[in-house]
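J.: Using the hints provided, position chain B relative to the given structure of chain A.
As a plain string of letters, each chain reads:
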Amino acid sequence: MYSFDYARAKNAKDAAKLLAKKEAKVVAGGMTLLPTMKQRLAKPSLLVDLAASKDLKGIKKAAKALTIGAMTTHAEVAHSSVVKGACAALAALAEGIGDPQVRNRGTIGGSIANNDPAADYPAACLALGATIVTTQRKIPADKFFKGMFETALKRNELVTAIQFPMAEKAAYIKFPNPASRYAIVGVFVAKFKDEVRVAVTGAGPGVFRVPAWEEALAKKWSADAIAAGAVKAADMNSDIHATAEYRAHLCAVMAKRAVAAAK
Amino acid sequence: MELSGDVLIPAPRAVVWAALNDPDVLKGCIPGCQSIEKESDTAFTAKVKAKIGPVSATFGGRVALSEIDPPNSYVIAGEGQGGVAGFGKGSARVSLTDEDGGTRLTYAGEAQVGGKLAQIGSRLVQGTVTKLAGQFFAAFAKACAKS
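Residue numbers (our numbering), protein chains in the order written: chain A, -2 to 260; chain B, 11 to 157.
No lab work stands behind these hints: they were computed from the structure. Glycine is no exception: its CB is placed at the ideal position from the N, C-alpha and C atoms. A couple of the hints might just be wrong.
Covered stretches of chain B (chain A as the covering partner; in silico rule of three or more C-beta atoms under 8 Å from a C-beta of chain A) [claimed, not checked]:
1) 62 to 76
2) 138 to 147
Pairs of lysine-lysine residues, derived as PhoX-like cross-links and limited to a Cα-Cα distance of at most 25 Å, are as follows [stated by the list, open to error]:
3) B/Lys61 / A/Lys18
4) A/Lys22 / B/Lys126
5) A/Lys217 / A/Lys260
6) B/Lys57 / A/Lys35
7) B/Lys59 / A/Lys19
8) A/Lys151 / B/Lys99
9) A/Lys166 / B/Lys126
10) A/Lys143 / A/Lys19
11) B/Lys99 / A/Lys19
12) A/Lys54 / A/Lys14
13) A/Lys40 / B/Lys152
14) B/Lys152 / A/Lys35
15) B/Lys48 / A/Lys143
16) A/Lys151 / B/Lys126
17) A/Lys151 / A/Lys10
18) A/Lys151 / B/Lys141
19) A/Lys58 / A/Lys81
20) B/Lys141 / A/Lys40
21) B/Lys99 / A/Lys40
22) A/Lys143 / B/Lys152
23) B/Lys141 / A/Lys22
24) B/Lys126 / A/Lys40
25) B/Lys141 / B/Lys37
26) B/Lys59 / A/Lys143
27) A/Lys57 / A/Lys260
28) B/Lys37 / A/Lys229
29) A/Lys35 / B/Lys126
30) A/Lys166 / A/Lys217
31) A/Lys22 / B/Lys61
Just chain A, same shape as in the assembly (with noise of 0.2 Å):
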């Protein structure tokens, strides 16, 4: 690891003020930042630390929408009754992330800022059609993922929460790597009163929407409604965990399952 200056925020505004320093970095759960680091892959100036902002904390339950604040664990997601209650399939996908570890360290808002091509998150985040709050603004989640690592969020701009709507019915199924149970390719399926989401992640370049499936599946809701073929292999990664045809036939398998076992 190189040398590297470190702060602690007091809370998100504190930190956003932080993050003006050149080269510096906003570590949350630390959990892809810092093994980096350790490899000598990535040389921030200044580490500004998240973990004493209380605002960033904490789950609340609206009468519309479930928010969970950016530096709630993973298993605080998984474990926590609200959560369970409102939207049982978030909760289900915080607990196989990763390993206890992970889930103990690993937060919300760090899963979905550094925007992982096989992370969870993004995946419940577009297909619910989740509110990305700011330090500046809000973002919906349609606009917030950008492809590979990348989001909209500007430097210096931080996530503070998200906002879940309720669906009627969702579920996540992944078919997950054995060892970093990263999703091979993991699949959000959500119905609501007007419309139906699906959102793909792990199989391609980052998370997407398969607008076929939401079709098929608002006109019929059953796994029956989900045609293999609109995901086409070409669009897929391939390495040496499954190649790009392995995973375009994973997408549709998921699918079937995560609308069958949508509650």
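T.: Frame of chain A, contents of chain B only:
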């Protein structure tokens, strides 16, 4: 890994060919390129800062052109060292053909990444290369259309 693709550039073939051999144009189009210098008509040295997600590394490298057949095709080969991050190298045959509305640029080649970057980032290498190639050709098409 292999990479290939093609892009329609809205400019005549002679203009596209000149741009392909112009270090200043290439510098403006290569994502993260900090400097590029001409050593001879067929060799360049370049410095590129790659930034993908949490990773950022600076690569110093050399680019050589061979099998030059103006204004139709050449083979471009490059290799770079990123210090502790690892190394990357690749080569591609670039061909130009006339088409309605401009010039069709076709490329086919292969790229390799080694060292720590490949070890840790193996699941991301293909996506990264595809994305960088896409950014390069989008910028290149724009630069040609302007000149």
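J.: Is A/Lys22 within 25 Å of B/Lys61, Cα to Cα?
T.: 14 Å, holds
J.: Tell me if the straight-line CA distance from A/Lys166 to A/Lys217 falls inside 25 Å.
T.: 14 Å, holds
J.: Assess, step by step, whether the Cα of A/Lys22 is no farther than 25 Å from the Cα of B/Lys126, and give holds or violated.
T.: Roughly 22 Å separates the two Cα atoms, so the pair holds.
J.: Does the structure keep A/Lys143 and A/Lys19 at a Cα separation of 25 Å or less?
T.: The given pair, whose Cα atoms are some 24 Å apart, holds under the 25 Å limit.
J.: A/Lys58 and A/Lys81: Cα distance at most 25 Å?
T.: Roughly 11 Å separates the two Cα atoms, so the pair holds.
J.: Within a Cα-Cα threshold of 25 Å, do A/Lys151 and A/Lys10 meet the stated pairing?
T.: Judged against 25 Å, a Cα distance of about 15 Å means the pair holds.
J.: Holds or violated: A/Lys54 and A/Lys14, Cα atoms, limit 25 Å.
T.: Holds: A/Lys54 and A/Lys14 sit about 19 Å apart, inside 25 Å.
J.: A/Lys166 and B/Lys126 were given as a pair; does the straight-line alpha-carbon distance stay at or below 25 Å?
T.: 43 Å, violated
J.: Would the hint linking B/Lys59 and A/Lys19 be met if the CA-CA limit is 25 Å?
T.: 16 Å, holds
J.: Hint check: B/Lys61 vs A/Lys18, CA-CA at most 25 Å. Holds or violated?
T.: 18 Å, holds
J.: Could you grab the alpha-carbon distance between A/Lys151 and B/Lys141 and see if it respects the 25 Å cut-off?
T.: Within the cut-off at roughly 20 Å; holds.
J.: Please verify whether B/Lys99 and A/Lys19 have alpha carbons no more than 25 Å apart.
T.: 31 Å, violated
Checked against the numbered hints above, the structure violates hints 8, 9, 11, 13, 14, 15, 16 and 28; every other hint is satisfied.
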